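Engineer: Working from the sequences, and respecting the hints, build out all of it.
Protein chains in written order, with my numbering: chain A, 715 to 1030; chain B, 29 to 362.
Honestly, the hints are just simulated from the structure, not real lab data.
Incorrect hints may have been included.
[Stated by the list, open to error] If you want a taste of the chain A side facing chain B, the calculated C-beta under 10 Å gives, among others:
#1 718
#2 772
#3 832
#4 857
#5 901
#6 905
#7 907
#8 984
#9 989
#10 1007
[Said to hold, decoys possible] DEER-style ranges, computed between Cβ atoms:
#11 B:126 to A:751: 16 to 22 Å
#12 B:351 to A:947: 47 to 53 Å
#13 B:64 to A:967: 30 to 36 Å
Computed from a prediction, not measured in an experiment: that's the story for all the values here.
Where is the CB? At the ideal position from N, CA and C, for every residue including glycine.
Here is how the chains run, residue by residue.
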Amino acid sequence: MTVTRFQELIAKNQVAHSRRRRITNAVMLSVTGLLTLLALIPLFWIIGYVIYRGGPTLNWDFFTQLPRPLGVKGGGILHSIEGTIIITFLACLFAIPPGVLAAFYAARNPNTTLGIALRFSTDVLAGIPSIVMGLFVYDLMVVPMKHFSALAGGVALAILMLPTIIRTTEEMLKLVPHTLREGSLALGAPEWKTSLSVLFPAALNGIVTGFLLAIARAAGETAPLLFTALGNDTFNVGLIVKGGVQAHQNIFTILGRIVNQPVDSLPLTLWKYAQQPYPERISQSWGVALILMIFVLLTEVVTRLWIENRKRSMQG
Amino acid sequence: MKIVTSSQRDNWIVRIRRSTHHGDILWSGLVILMSVFVLVLVLEIGWMLWQQSVEARHTLGWDFILPRLDSSWDPATGVFQAWAFIYGTLITSIFAIILAVPISFGISIFLAELCPQQLRMPLNWMIELLAAIPSVVYGLWGIFIFLPQVVVPVGDALFAAFGHIPVLQLVFTGPIPQSGSSRLAAAMILTIMIIPTITAITRDVLLAIPNSQREAAMGLGATRWEMIWQVLLPYGLSGILGAVILGLGRALGETMAVTMVIGNSLESSGSLLKPGYTMASLLANEFGESVSSMHTSAMVEIGLTLFVITLILNIIARFLVWQVARRTPQEARA
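Structural biologist: Dropping the structure here:
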């Protein structure tokens, strides 16, 4: 009966072996699914808790008033909303023109020496820690100007936005069909006119979503603003404009006064409030967190939907 | 063709147009100028940090960043040794990588290989939303929720498990502070923050692997998991390694969330369960209040160190990812 015994062993072994393989397969595959769920827990936990804590602090005053002294009820964060808008606007002003132009180069000449160098430096720029950008802009602008300002904050965020803008613009330009470009050139339009009035409008939707994505990321950044915009909780655009108009200053002087002051931004305010031991400041910081999250996540979701649609329609 | 009359020929606009091929030279000049500007910007960042840290570099030399057990940082007496911060950055980032890599691999395998088509897009988005949440919000949530509810129990468990084993003791000396502020907290927050980075790139690498590899493995009788583990991962290994390194780069430079949860104390203990400092959190905390030019210069040198480390990591990572992309023909993509 040795043959049967032998066969039996083989059969057992095979059965065991294939069962082990099947079980490993099932276990590991379900583990990957569980890990995906695990990673989503913090996302929902954060969003849910920020809404739960931040929701009750939001009211009209929160958006329209300056902070009151500690111990006085109420007050808002108007100054940092204004500051965020100013800094982000300046950042767009500094980052969008060079970013778009560089993207035109990158999209047209991906394999020249400069094209490769450009792609590489874009990658490097995207990898530099944002606090190091803050140091750089501090040395570049704050030290020579001898004061902190919204302008310096804008430059810091602009450097941060630059890689995102270059990359998305480049990608969107590459999606425009070659035939459009060739058609325009064949009609006798020069290269620059083709780029600006054919390629750019054709890719505009996607490019703008890229801007929005970059803005959303930049608006949530704190580290580069710590030593550039610094923070200023008495900043009030309305007051500056009113004072300027009464003193008959021209518009550039007024704009200069707005831009040359240190300002607060939403994430900076959040950071400062979160470190204070007073409960009303803490609950206000949750309010700020909610505003930030709504802005950033809404922009992110809307722009991604837009990009996805765009890609499908252009490739389709 | 436009007929050029003599009166127009004198017009300088026309002359410029003709001499620049109807503006093409101006346009390409402008475009090239902006590309060079981006290049110069990167060089300028490096140069500025190098120049501004000259005082610290000349006075302190290599001693500044060398490993030492008794490193001290005392702006009042002018003693600056950065090892404590470098150590803090390294241990939090490395621990974050250890935690994040298996999770991210799991997610990217699920997203690239297993996930039903309808679920794929929303899941991709949700993972990417994790990267969009501002760093300060992570910090705020960390201080009030994550630290007391997750980090403290985990820290206690780690202390109970490893706190008395001879070598591991050095890293897991406890107990963890009541508030939870510790290097472990920083590492765990960093884990959540770098998962999207590693996942996105690993997923793209997996998707770039030709289907013929999958079909061959399945045809030889491999199970799905064996196909993933023994064929796909080795095939995309260099790209996946690149993803891990990019994640590490992000962890090293992350500032706000870490500053808010790490406790910011110059404790001599090297334990993961104790509060510490990272390079970025030192800059965030002290740069605004520097007491002397030497102090400022020393902190710029820390910035320079961070810059150089992330630069090197980026170069390695891009090279690795690029290698995978190069050997995979575009048509073969899944």
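Engineer: It remains to establish, for every hint, whether it holds in the given structure.
Structural biologist: Verification of the hints:
1. Hint status for residue 718 (chain A): violated, given a least beta-carbon distance of 27 Å to chain B, over 10 Å.
2. A distance limit of 10 Å between C-beta atoms decides the matter here; for residue 772 (chain A) the minimum to chain B is near 15 Å, and the interface restraint is violated.
3. For residue 832 (chain A), the shortest C-beta to C-beta distance to chain B is roughly 5 Å, which falls under 10 Å, so the interface hint holds.
4. Because the smallest distance between the Cβ of residue 857 (chain A) and any Cβ of chain B comes to about 9 Å, under 10 Å, the interface hint for this residue holds.
5. For residue 901 (chain A), the shortest C-beta to C-beta distance to chain B is roughly 13 Å, which exceeds 10 Å, and the interface hint is violated.
6. Given the 10 Å rule on beta carbons, the hint for residue 905 (chain A) holds: about 5 Å separates it from the nearest Cβ of chain B.
7. Because the beta carbon of residue 907 (chain A) sits about 8 Å from the nearest beta carbon in chain B, less than 10 Å, this interface hint is met.
8. The restraint placing residue 984 (chain A) at the interface with chain B holds, with a minimum CB-CB distance near 5 Å, inside the 10 Å limit.
9. Because the smallest distance between the Cβ of residue 989 (chain A) and any Cβ of chain B comes to about 8 Å, under 10 Å, the interface hint for this residue holds.
10. Residue-level restraint check for residue 1007 (chain A) holds (minimum Cβ-Cβ distance to chain B is 6 Å; threshold 10 Å).
11. Distance hint check for residue 126 (chain B) and residue 751 (chain A): the Cβ-Cβ separation is about 21 Å, which falls inside the suggested range of 16 to 22 Å.
12. About 51 Å separates the C-beta atoms of residue 351 (chain B) and residue 947 (chain A), a value consistent with the hinted range of 47 to 53 Å.
13. Evaluation of the 30 to 36 Å hint for residue 64 (chain B) and residue 967 (chain A) yields a pass: the beta carbon distance comes to about 34 Å.
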